[in-house]
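When you get a sec, could you build the whole thing from the sequences and use the hints?
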Amino acid sequence: MKWAKNFGGADYDRFRSVAATSDGGFIAAGLSYEGSFGTGSWDGVPGYGSYDSIAVKYDKNGALEWAKNFGGVGDEGFNSIAATSDGGFIVVGYSSEDSFGTGDWVDVTGYGDYDATIIKCDGSGTVEWLTNFGGGSYEYFYAVTVISDGGLVAAGYSYEDSFGTGNWEGVEGHGYFDGMVVKYKGLDPIAPGVKNNYINASSDSNSTITPSGVVTVQRFNDQTFHFSAADGYVVSSVTVDGRLLTQEQIDSGSYTFTNVMMNHIIDVKSSVAASVTLTIDITEGKGYAKYSTDGLSFLDYTSPVILAYGTELFVVPVPEDGYTFSTWKVSTEAHPDEVTAEPNLHFDSVTGNTHLTLYFEIGSGGTAASDSGIGWYVLGIVVLLIIAGILLWFFLFYRRYYDVLKNESLNIAGADRVHRKSEYRFKVEGYSGTIVYRIGDKEDVVWKTILPNADGSFVIPKEEITGDVTIEPR
Numbered sequence: 001m002k003w004a005k006n007f008g009g010a011d012y013d014r015f016r017s018v019a020a021t022s023d024g025g026f027i028a029a030g031l032s033y034e035g036s037f038g039t040g041s042w043d044g045v046p047g048y049g050s051y052d053s054i055a056v057k058y059d060k061n062g063a064l065e066w067a068k069n070f071g072g073v074g075d076e077g078f079n080s081i082a083a084t085s086d087g088g089f090i091v092v093g094y095s096s097e098d099s100f101g102t103g104d105w106v107d108v109t110g111y112g113d114y115d116a117t118i119i120k121c122d123g124s125g126t127v128e129w130l131t132n133f134g135g136g137s138y139e140y141f142y143a144v145t146v147i148s149d150g151g152l153v154a155a156g157y158s159y160e161d162s163f164g165t166g167n168w169e170g171v172e173g174h175g176y177f178d179g180m181v182v183k184y185k186g187l188d189p190i191a192p193g194v195k196n197n198y199i200n201a202s203s204d205s206n207s208t209i210t211p212s213g214v215v216t217v218q219r220f221n222d223q224t225f226h227f228s229a230a231d232g233y234v235v236s237s238v239t240v241d242g243r244l245l246t247q248e249q250i251d252s253g254s255y256t257f258t259n260v261m262m263n264h265i266i267d268v269k270s271s272v273a274a275s276v277t278l279t280i281d282i283t284e285g286k287g288y289a290k291y292s293t294d295g296l297s298f299l300d301y302t303s304p305v306i307l308a309y310g311t312e313l314f315v316v317p318v319p320e321d322g323y324t325f326s327t328w329k330v331s332t333e334a335h336p337d338e339v340t341a342e343p344n345l346h347f348d349s350v351t352g353n354t355h356l357t358l359y360f361e362i363g364s365g366g367t368a369a370s371d372s373g374i375g376w377y378v379l380g381i382v383v384l385l386i387i388a389g390i391l392l393w394f395f396l397f398y399r400r401y402y403d404v405l406k407n408e409s410l411n412i413a414g415a416d417r418v419h420r421k422s423e424y425r426f427k428v429e430g431y432s433g434t435i436v437y438r439i440g441d442k443e444d445v446v447w448k449t450i451l452p453n454a455d456g457s458f459v460i461p462k463e464e465i466t467g468d469v470t471i472e473p474r
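Quick note: the sequence shown uses my numbering, first residue 1, plus one each step.
Hints in this document: simulated from the structure, not taken from any laboratory.
Glycine residues also receive a C-beta, built at the ideal position from the N, C-alpha and C atoms.
The reader is advised that the hints may include incorrect statements.
[Stated by the list, open to error] In silico lysine-lysine, PhoX-like type, Cα no more than 25 Å apart, as pairs:
(1) 286 to 329
(2) 60 to 5
(3) 329 to 290
(4) 448 to 462
(5) 442 to 421
(6) 329 to 427
(7) 448 to 421
(8) 329 to 269
(9) 68 to 57
(10) 462 to 427
(11) 421 to 290
[Stated by the list, open to error] Here are the in silico distance ranges between beta carbons for each label pair:
(12) 446 to 353: 33 to 39 Å
(13) 172 to 39: 44 to 50 Å
(14) 447 to 392: 31 to 37 Å
(15) 145 to 63: 25 to 31 Å
(16) 202 to 302: 41 to 47 Å
(17) 145 to 23: 18 to 24 Å
(18) 295 to 271: 25 to 31 Å
Shown next as structure tokens:
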């Protein structure tokens, strides 16, 4: 034996491979534990993480020339080293997933739990380029060599869960651990690996989603999907990773996965677009009815009307001369055979077939116009009734104000009353959670989530307010 040298700090240090250099010296490669840095041979040198990969250069007599550590905040280790024809060297080993994005790996994204790594350095130990190899689980390089064509071959193994992902996309594994051999073309820089995630987007035969199929998304990127239904159908449900989207999210027609860091599933289903029928029967007296949908102009009712599901509906009676309105009988799924003396009917959202029966009676103080003829007095009364009905409808429905019911646990800055179909704007002070609201006091009314604007205010759209507004935290 000519000589023996030791190297290390106060903790765990190990060499796993050595390669001769053209100057007659050699480079040893391995790893050091975090407790070694700043002590012993590593005096004045800070570590990166739990374990750092290390390379140490000696001259032919065993004198230390330099020592370098490599890594991120996780675990690293060099398992093999080979000298290169340009006077530098190649080292291979492994790095844990938390190292990527830090230290020497600051601009590199990892693939899985542990990635196999390869680093090219010049003769002074300065990194020229580095890259990683792997799938979604564990990969390690344990040996490297420079072959006759100038290329590099690294060998190691991969865990079964890695196959079909990352660099192994489209490759099927054989067993629990598979040996792997990776050929690189030469000493030119190799681009670091980029981890991809996959979103499986599907829809039934009467709806579409774009893009569709298995969509590859680079890790930490966003991906938006647009969905719609065929003519005569509506999107009835959108499921994201087993969770149903709200009706408001469905109505938006799109969904965005933000900052993708895992695989996802999105599925769209449709159903036949529901329609409802409005029928009006005149049982007693003489007259007719007018109706309006979604705030449009009033039309004379002459025959059954097909309405879209969820239509807002107004219905008013129009008696003939000598008659006045008596009562309505309203038959819906929610209120079968309900009698009301209110002349003007309003349905916030028609969700089922609606049958109305209209009753007129002879006006007080006279006989029907069909028996007595039309006189100026009767005509004047009819005109006044029409004007009064219009004014009554205007003040009861169009000009109506509703209460805003605020949860006492929230410090809500906003008006206590709001005009029908107008916009309602408010702010919530000292609360950063989710805010929901509903319109009306029926038990089956859907609560809707509302998000703040850039200035911190919340806005309920003007067309939605057709009843009392309740605001709650979630």
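Hints, verified against the model:
1. 286 to 329: Within the cut-off at roughly 16 Å; holds.
2. 60 to 5: Within the cut-off at roughly 12 Å; holds.
3. 329 to 290: Roughly 16 Å between the alpha carbons, so the hint for residue 329 and residue 290 holds.
4. 448 to 462: Holds: residue 448 and residue 462 sit about 15 Å apart, inside 25 Å.
5. 442 to 421: Roughly 18 Å separates the two Cα atoms, so the pair holds.
6. 329 to 427: violated, 43 Å
7. 448 to 421: holds, 17 Å
8. 329 to 269: Violated. Residue 329 to residue 269 sits at ~38 Å, over the 25 Å cutoff.
9. 68 to 57: holds, 9 Å
10. 462 to 427: holds, 17 Å
11. 421 to 290: Status holds; Cα separation ~22 Å.
12. 446 to 353: 33 to 39 Å: violated, 21 Å
13. 172 to 39: 44 to 50 Å: Holds, since residue 172 and residue 39 (Cβ atoms, about 48 Å apart) stay within the stated range.
14. 447 to 392: 31 to 37 Å: holds, 33 Å
15. 145 to 63: 25 to 31 Å: With a Cβ separation near 28 Å, residue 145 and residue 63 satisfy 25 to 31 Å, so the hint holds.
16. 202 to 302: 41 to 47 Å: holds, 46 Å
17. 145 to 23: 18 to 24 Å: Since the Cβ atoms of residue 145 and residue 23 sit about 21 Å apart, the hinted range of 18 to 24 Å holds.
18. 295 to 271: 25 to 31 Å: holds, 27 Å
Checked against the numbered hints given earlier, this structure breaks hints 6, 8, 12; the rest are met.
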